[in-house]
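So in my numbering the end of the sequence shown lands on 118, straight run, no missing numbers.
Hints are computed from structural coordinates only; laboratory data are not their basis. Note that the Cβ used here is the ideal one computed from N, Cα and C, for glycine as well. Each statement offered as a hint is correct.
Computed beta-carbon distance windows for the label pairs: (1) Gly29 / Ser56: 18 to 24 Å; (2) Val30 / Thr7: 31 to 37 Å; (3) Thr53 / Asn21: 16 to 22 Å.
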Amino acid sequence: MTWASWTTVGIHSLPNAVRTEEIGVINGDLTIHTTWSEDLAHVAVQHTGSSDWYTMAGSPVPCPSEEASRSFHQAVVEAVRGGERAEASLEELLGPQSAAASADRPAPQHRDS
Numbered sequence: 006m007t008w009a010s011w012t013t014v015g016i017h018s019l020p021n022a023v024r025t026e027e028i029g030v031i032n033g034d035l036t037i038h039t040t041w042s043e044d045l046a047h048v049a050v051q052h053t054g055s056s057d058w059y060t061m062a063g064s065p066v067p068c069p070s071e072e073a074s075r076s077f078h079q080a081v082v083e084a085v086r087g088g089e090r091a092e093a094s095l096e097e098l099l100g101p102q103s104a105a106a107s108a109d110r111p112a113p114q115h116r117d118s
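Produce the entire structure from the sequences given, and follow the hints as far as they go.
Have a look at this one:
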C-alpha cells in the first residue's frame, strides 16, 4: 500500500474558517495534517500543540495520486489562511475535482513540518 502525509504547523485561521466533524468550528493557531492512501485524502486539524486531532468536515476526499494530494493539502492550508467559510465542506470549498486539477499546478513554496 502506498501512502503519503503532509503537516503544516502554525496556520492562523480567521474566525469560523474551519469546521470539524467532531466539535464544529475551530479557530486560532492550527495545524493541518493530510494523509493520502488508497486514492483518498484524509484531512485532520488540531490547535497547534494539542494532542487532540479532529476530522475536517468533508474528509476524506477522493484524490487520484500522491502529487494531487500534496497540492490538495496546500489548497486546504491556503483556504484556512484566507478565511473561507466554515460551513463549506472540503469538496464544497475546493470543488470535487480540485485534487485532480490541482496536480497540474506547482505547489507554492512554504515551510512544512
